[in-house]
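*Asks:* Sequence:
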Amino acid sequence: MIQPINPETTSSSEENRTEKHSLPHTGYLAQIIHLNQAALPLEQLVFHYEPGMGFNDSGKWWGDKARRSTPHEGLDILYLKNRSGTIIRLKEGAPIPALADGTLMHTADDFHGQTLFVGHLDLRQGKNILFSIYAHTMTDLRRGTPVKMGEKIAAISTISGTNTPPGHLHLSMAWLPADSPRHLFNWGALCGPMRRSLIDPMPFLD
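In the working numbering, the protein residues as written are 1 to 206.
Note that these hints are calculated values from the structure, not bench results. Take these hints with a grain of salt, some might be off.
[To be verified] Once the Cα atoms are required to be at most 25 Å apart in a straight line, the calculated PhoX-like pairs of lysine-lysine come out as:
hint: 1; residue 1: K127; residue 2: K148
hint: 2; residue 1: K127; residue 2: K60
hint: 3; residue 1: K81; residue 2: K152
hint: 4; residue 1: K91; residue 2: K60
hint: 5; residue 1: K127; residue 2: K91
hint: 6; residue 1: K91; residue 2: K81
hint: 7; residue 1: K127; residue 2: K152
hint: 8; residue 1: K81; residue 2: K60
hint: 9; residue 1: K65; residue 2: K81
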């Protein structure tokens with residue numbers, strides 16, 4: 001069950017995650033594994049975290065692992081690990097589920113595919129509603145489509161180029177006014193005037 005959380009208390013840092021390089025096995029992450037089970041080995045898996053994948057992390061987790069131009073705006077999900085420690089990667093084209101019931105409010109092009117903005121209209125803080133934001137994906141859904149928790153809404157897109165990460169899901173969360181104009185639903189705005197609306201996705205994954 002997802003409950004509204006005060007954004008002032010949802011913070012994250014590289015320091016409190018580098019000692020344990022596995023993400024908590026939460027409900028949403030289990031849904032990702034379930035949707036991809038046909039392509040995964042039949043064994044217990046947990047998601048594997050690399051420094052640089054988390055919210056507000058300052059470095060990259062791929063390539064030369066250089067410093068990011070701005071702190072990371074969300075959580076990158078890509079690797080899984082079995083009991084023996086073997087790392088498995090979600091493939092490009094892997095299905096991505098909705099984190100909670102909601103409505104696809106907007107889509108926008110991003111650096112490596114499409115970004116989906118799903119509004120959870122029953123989760124409110126004052127005039128703001130909670131949005132889950134899925135980047136570097138591809139989808140056929142149209143604006144206004146209702147979505148259910150756990151159902152496929154997109155797939156991981158193909159990423160190519162030099163010094164770029166492999167295809168992965170970038171998940172962001174934000175409290176945004178329900179009447180926000182459509183032109184603000186893009187990464188230019190999220191990395192600029194709307195940056196303070198972003199919050200750590202981790203507390204919402206149970």
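*Asks:* Now look at each hint and say whether the structure bears it out.
*Replies:* Against the structure, the hints come out as follows:
no.	hint	in the structure
1	K127 x K148	holds (23 Å)
2	K127 x K60	violated (34 Å)
3	K81 x K152	holds (23 Å)
4	K91 x K60	holds (20 Å)
5	K127 x K91	violated (38 Å)
6	K91 x K81	holds (14 Å)
7	K127 x K152	violated (29 Å)
8	K81 x K60	holds (20 Å)
9	K65 x K81	holds (21 Å)
This entry does not satisfy hints 2, 5, 7, going by the numbered hints stated previously.
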